[in-house]
Amino acid sequence: MSRPKDSRPTTAYQPAQPTTESAATSSIARELVGQLTHEDRDRARDRWRVARARWKGRGWKSFGGLRLLWLLVGPGVLVFLGENDAPSMLSYSATGARFGVGFFIPFVILTFAIGLIVQEMTVRLGAVTHRGHAELIFDRFGKFWGFFSMGDLVLGNFLTLVTEFIGVRAGLGFFGIRPSIAVGAALVLVLGAITTGRYWTWERITLGLAIFNGLFIPAALLAHPDWSQVGHALLTWTPLPRGDRSEILLLILADIGATVTPWMIFFQQSAVVDKGMQPRDIAAGRLDTVLGTLLASTFAIAAILATVPLFHHGINAADFQGAQFAQALEPWIGHVGASLFALGIFEAGIVAAIAISTSSAYAFGEILGTAHSLNRPIREAWPFYLFLLGSACAAAALVLIPHAPLEFIILTVNVIAVLAMPPALAFLLLLVNDHDLMGEHANGFWGNLAGVTVTVLLVCAGLGFGLFTIFPKLLGG
Amino acid sequence: MKKEKTKHHAQGHDPGAAAAHSERPDLQDPNVVLSLLEADQVVAAKTRTRFGKRNLSVGARLLLWGLRVYVFVMLVIVLISVIRALHGGQ
Chain A
8 MSRPKDSRPT TAYQPAQPTT ESAATSSIAR ELVGQLTHED RDRARDRWRV ARARWKGRGW
68 KSFGGLRLLW LLVGPGVLVF LGENDAPSML SYSATGARFG VGFFIPFVIL TFAIGLIVQE
128 MTVRLGAVTH RGHAELIFDR FGKFWGFFSM GDLVLGNFLT LVTEFIGVRA GLGFFGIRPS
188 IAVGAALVLV LGAITTGRYW TWERITLGLA IFNGLFIPAA LLAHPDWSQV GHALLTWTPL
248 PRGDRSEILL LILADIGATV TPWMIFFQQS AVVDKGMQPR DIAAGRLDTV LGTLLASTFA
308 IAAILATVPL FHHGINAADF QGAQFAQALE PWIGHVGASL FALGIFEAGI VAAIAISTSS
368 AYAFGEILGT AHSLNRPIRE AWPFYLFLLG SACAAAALVL IPHAPLEFII LTVNVIAVLA
428 MPPALAFLLL LVNDHDLMGE HANGFWGNLA GVTVTVLLVC AGLGFGLFTI FPKLLGG
Chain B
2 MKKEKTKHHA QGHDPGAAAA HSERPDLQDP NVVLSLLEAD QVVAAKTRTR FGKRNLSVGA
62 RLLLWGLRVY VFVMLVIVLI SVIRALHGGQ
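So the sequence lines, in the order shown, correspond to chains A and B.
Each residue of the first sequence is one higher than the last, beginning at 8 in the working numbering.
Each residue of the second sequence is one higher than the last, beginning at 2 in the working numbering.
Simulated from the structure, these hints should not be mistaken for laboratory data.
Treat each hint with caution, since some may be false.
Stated by the list, open to error - Label pairs and their in silico Cβ distance ranges:
no.	chain 1	residue 1	chain 2	residue 2	range
1	B	Ala86	A	Thr243	50 to 60 Å
2	A	Ser187	B	Leu76	29 to 39 Å
3	B	His22	A	Leu73	55 to 65 Å
4	A	Leu393	B	Arg55	30 to 40 Å
5	A	Arg74	B	His88	50 to 60 Å
6	A	His231	B	Trp66	48 to 58 Å
7	A	Glu38	B	Gly53	16 to 26 Å
8	A	Gly471	B	His88	44 to 54 Å
9	B	Leu76	A	Thr460	48 to 58 Å
10	A	Gly238	B	Ser58	29 to 39 Å
As the list claims (entries may be wrong) - Sample of chain B residues facing chain A (criterion: CB under 7 Å; computed from the structure):
no.	residue
11	Pro26
12	Asp30
13	Pro31
14	Leu35
15	Gln42
16	Val43
17	Leu63
18	Val72
Ideal Cβ placement from N, Cα and C applies to all residues, glycine included.
I would like the entire structure built from these sequences, with the hints used as guidance.
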């Protein structure tokens with residue numbers, strides 16, 4: 008097999024400097040003429056469509072029209088709908104089944120606001136530096152810190168991938184589909200999405216799948232929620248959850264981990280780079296991220312509302328897995344509602360499997376200096392695609408092994424995500440405040456205040472969990 | 002040096018503005034491709050450059066090490082918690 012392109016060159020590196028200067032008028036334009044790749048041409052095609060939409064919609068103030076928005080929407084929506092993955096939707100479902108309508112509904116909205124603050128920074132980083140997050144950490148902080156952050160990402164991503172395939176198996180299990188067939192079908196979908204050789208096509212396929220996260224909305228409507236109670240909860244954050252305090256704390260942590268995880272930072276920045284976004288697209292990138300937050304929080308609340316009937320009927324859902332929720336809900340939301348719920352869990356697993364394995368592959372390619380773009384055909388970037396598909400296959404295989412410690416993984420994955428966030432946020436804040444990189448796009452006072460507040464909040468949540476785990480009697484347990 | 006870097010970040014510059022007028026760009030023409038991308042978006046330019054290691058302040062190093070210790074300790078606690086949960090369920 009031919010050596011993949013973009014392996015480390017033998018000449019010494021030149022210092023890099025973020026610039027909005029056109030490649031055609033740069034001092035190295037003549038050298039670049041003979042070195043263009045398939046990836047450059049695909050990215051140029053995407054940029055031409057954006058430039059044309061901007062030119063045609065030039066009467067509109069910031070976004071050049073709906074077509075421009077359509078072209079630039081993608082990484083933000085995908086990252087948040089991808090984060091509404093199988094363990095996240097099951098956390099929300101467990102929340103609704105255990106505590107009904109109350110505190111957790113506005114709390115979940117708050118967690119998405121936290122996610123928005125974090126993810127907006129990745130849009131700016133990617134659009135200005137044109138580098139992925141892993142590559143920037145290695146460049147600016149060195150290999151020591153780079154490998155540490157990669158270790159967090161690889162561990163977290165693999166564990167999360169396993170839970171996605173558990174969700175896939177559980178979701179299709181409701182329809183009587185055997186685990187091997189369910190998991191195999193999921194792998195075929197992952198393969199189908201990545202073999203297009205075009206970032207744009209991959210993005211649209213995955214967005215098309217991700218919109219089915221909305222299946223939780225009809226499931227919620229079939230549960231006939233009390234909308235006045237929902238409104239009351241949104242305004243007053245009550246009733247507060249009652250019961251076992253360690254269980255409440257675990258659900259709080261799981262719900263936070265359902266919204267903010269390290270892979271989201273790596274994925275969205277790399278996707279922004281692969282999409283070819285530039286500094287003038289930052290406003291649209293922010294809107295894309297806000298749209299993703301709104302959609303995902305709506306679907307998350309729908310998952311909570313869909314399982315409220317279990318709360319009202321005193322059904323103990325403490326140990327429920329995906330298919331069990333759907334089966335338990337059937338008497339109250341009907342077979343159609345239960346089917347929609349199960350399909351939603353399947354979708355949550357599939358989209359997250361695609362996004363998370365892609366985020367790992369991006370990071371792998373960035374640190375090794377190999378080709379790492381969905382705009383590359385497989386023959387040019389085979390390590391990237393091999394890592395992507397390999398990590399998905401390894402996770403899928405673990406799910407099919409009899410007596411594999413799946414329960415252990417399910418219990419830990421969202422909690423580990425929360426615990427791994429503070430170091431990831433520290434690197435993110437250091438990078439986005441680096442004026443040599445970001446220039447006028449560096450964080451201002453309010454951006455830093457928000458970022459530091461989020462980091463402190465997550466550290467406190469983790470410390471609270473640790474304290475009450477070691478001293479359970481503090482919770483009255 | 003800092004002024005030059007600030008200039009390079011100026012918004013409003015659109016590398017693709019000229020190409021936007023054409024119905025179908027000739028992407029086999031390297032000059033058209035280069036006109037649509039920023040200088041550091043081209044793969045060959047990116048692979049030859051690195052931003053370079055920054056000097057971390059003492060405070061930043063302490064922060065990163067502190068958070069690293071925090072993660073390690075918390076992972077041990079998570080392990081304890083899960084073992085308790087699994088044994089409690091048996």
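Here is how each hint holds up against the structure:
{"no.": "1", "hint": "B/Ala86 <-> A/Thr243: 50 to 60 Å", "result": "violated (32 Å)"}
{"no.": "2", "hint": "A/Ser187 <-> B/Leu76: 29 to 39 Å", "result": "holds (32 Å)"}
{"no.": "3", "hint": "B/His22 <-> A/Leu73: 55 to 65 Å", "result": "violated (21 Å)"}
{"no.": "4", "hint": "A/Leu393 <-> B/Arg55: 30 to 40 Å", "result": "holds (33 Å)"}
{"no.": "5", "hint": "A/Arg74 <-> B/His88: 50 to 60 Å", "result": "holds (58 Å)"}
{"no.": "6", "hint": "A/His231 <-> B/Trp66: 48 to 58 Å", "result": "holds (53 Å)"}
{"no.": "7", "hint": "A/Glu38 <-> B/Gly53: 16 to 26 Å", "result": "holds (21 Å)"}
{"no.": "8", "hint": "A/Gly471 <-> B/His88: 44 to 54 Å", "result": "violated (23 Å)"}
{"no.": "9", "hint": "B/Leu76 <-> A/Thr460: 48 to 58 Å", "result": "violated (24 Å)"}
{"no.": "10", "hint": "A/Gly238 <-> B/Ser58: 29 to 39 Å", "result": "violated (48 Å)"}
{"no.": "11", "hint": "Pro26", "result": "holds (5 Å)"}
{"no.": "12", "hint": "Asp30", "result": "violated (10 Å)"}
{"no.": "13", "hint": "Pro31", "result": "holds (4 Å)"}
{"no.": "14", "hint": "Leu35", "result": "holds (4 Å)"}
{"no.": "15", "hint": "Gln42", "result": "holds (5 Å)"}
{"no.": "16", "hint": "Val43", "result": "holds (5 Å)"}
{"no.": "17", "hint": "Leu63", "result": "violated (11 Å)"}
{"no.": "18", "hint": "Val72", "result": "holds (6 Å)"}
Checked against the numbered hints given earlier, this structure breaks hints 1, 3, 8, 9, 10, 12, 17; the rest are met.
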